[in-house]
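Asker: The sequence shown stops at residue 315 when you use the working numbering, and every number in between is there.
Simulated from the structure, these hints should not be mistaken for lab results.
Keep in mind the model is a prediction, meaning the values are calculated, not measured.
Beta carbons: idealized from backbone N, C-alpha and C, even for Gly.
Any given hint could be a false lead.
To be verified - Pairwise CB distance ranges (calculated):
no.	residue 1	residue 2	range
1	123	232	17 to 23 angstroms
2	142	263	48 to 54 angstroms
3	257	100	30 to 36 angstroms
4	189	141	31 to 37 angstroms
5	248	85	28 to 34 angstroms
6	256	123	36 to 42 angstroms
7	59	237	41 to 47 angstroms
8	164	86	27 to 33 angstroms
9	156	192	24 to 30 angstroms
10	232	192	49 to 55 angstroms
11	230	109	31 to 37 angstroms
12	140	176	29 to 35 angstroms
13	308	274	16 to 22 angstroms
14	267	141	45 to 51 angstroms
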Amino acid sequence: MNTTAERGSQLADRPSSRGQFLRRTLAVFGLGLVGIVGLVVSTLLVPESIPVVAELPRSVLLVAIVVQPALLVLLAAAVGARLAPRVGFDSHAVARVDGTRLPTSLRDEARVALPAGLAAGVLVVVTDLALSAVVGVDSRLVPTEAVSLGAVLASLPLRFLYGGITEEVLLRWGFMTLLVWAGWRLAGRPATPSARTVWVALVVAAVAFGVGHLPAVAATTALTPALVAQVVLLNSVGGVVFGWVYWRYSLEAAMLAHGAAHVALVAPVVLAAL
């Protein structure tokens with residue numbers, strides 16, 4: 042495991058020219074676009090998911106659905122490209138365009154990221170079922186009603202590509218990095234951000250990750266205080282794990298952890314649909 046201090050010192054030696062910044066941005070933006078493609082695929086497989094707006098064809102709405110997250114991904118990619126090297130966060134894609142390699146291979150990182158993500162997913166499922174039984178609130182993370190296998194398969198690109206890749210670019214590479222950088226500056230720019238600074242940013246980003254799932258839940262059921270708390274809590278659990286993996290390893294490792302968590306979330310739905 043590489044510490045933030047070790048990685049920060051390595052990154053400090055990298056050039057930070059305008060061209061380097063652009064290449065770093067495009068490298069991470071390219072990763073995020075994979076998730077945008079997944080969003081499009083899942084949307085096309087379930088066209089009724091496209092909202093109906095008077096006088097606007099669905100093709101226009103589909104473009105709008107794509108453009109908004111694409112712009113956010115571009116912004117997050119740029120923020121991380123500028124700030125991640127300053128606070129010791131990294132990406133294998135960025136290292137490649139820099140002409141270097143990270144000390145730890147993604148294969149080695151996967152040995153921690155995949156089990157961590159899978160464990161987070163199992164914890165979320167178990168906690169969701171327990172809270173639903175005790176409190177009587179359905180968070181919709183694990184559907185209680187029958188879901189067709191076709192609907193489950195249609196959701197996979199959205200879950201694994203948009204969720205596993207694009208959300209990590211947005212929440213970890215962009216937002217969490219920005220928070221750590223802000224905390225680092227407020228602390229007087231020490232050699233590296235303190236663990237406290239990183240943990241505060243990590244938790245805030247995780248809660249934001251949970252809040253970001255509320256609109257999807259609101260589209261299917263009425264929000265109540267108990268439901269809001271449950272959705273935010275459960276998603277924050279995953280966000281904390283993904284943030285920790287990002288901090289200790291890399292952006293791509295966080296993506297692997299996120300994808301592994303979705304395996305645990307999808308498994309009971311698939312079994313119920315069979």
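Asker: Hint says 28 to 34 angstroms; check whether the CB-CB distance for residue 248 and residue 85 agrees.
Answerer: holds, 32 angstroms
Asker: Per the hint of 31 to 37 angstroms, is the separation of the Cβ atoms of residue 230 and residue 109 within bounds?
Answerer: holds, 34 angstroms
Asker: Has the hinted range 17 to 23 angstroms been met by the Cβ atoms of residue 123 and residue 232?
Answerer: Holds: the Cβ-Cβ distance is about 19 angstroms, inside 17 to 23 angstroms.
Asker: Does 48 to 54 angstroms hold as the CB distance between residue 142 and residue 263, or does it fail?
Answerer: holds, 50 angstroms
Asker: Is it true that the C-beta distance of residue 267 to residue 141 lies inside 45 to 51 angstroms, as the hint says?
Answerer: holds, 49 angstroms
Asker: If I claimed the Cβ atoms of residue 59 and residue 237 lie 41 to 47 angstroms apart, would that claim hold in this structure?
Answerer: violated, 33 angstroms
Asker: Within 24 to 30 angstroms or not, the Cβ separation of residue 156 and residue 192?
Answerer: holds, 29 angstroms
Asker: For the range 27 to 33 angstroms, tell me whether the beta carbons of residue 164 and residue 86 fit it or not.
Answerer: holds, 29 angstroms
Asker: Is 29 to 35 angstroms a correct range for the gap between the Cβ atoms of residue 140 and residue 176?
Answerer: The hinted range 29 to 35 angstroms is violated for residue 140 and residue 176, with Cβ atoms some 53 angstroms apart.
Asker: How does the Cβ-Cβ distance of residue 308 and residue 274 compare with 16 to 22 angstroms: does it lie in that range?
Answerer: Given a distance of about 21 angstroms, which is inside 16 to 22 angstroms, the answer is holds.
Asker: Falls inside 31 to 37 angstroms, the C-beta gap from residue 189 to residue 141?
Answerer: violated, 47 angstroms
Asker: Could you say whether the range 36 to 42 angstroms given as a hint is met by the Cβ separation of residue 256 and residue 123?
Answerer: violated, 29 angstroms
Comparing the model with each earlier hint shows violations of hints 3, 4, 6, 7 and 12; every other hint is respected.
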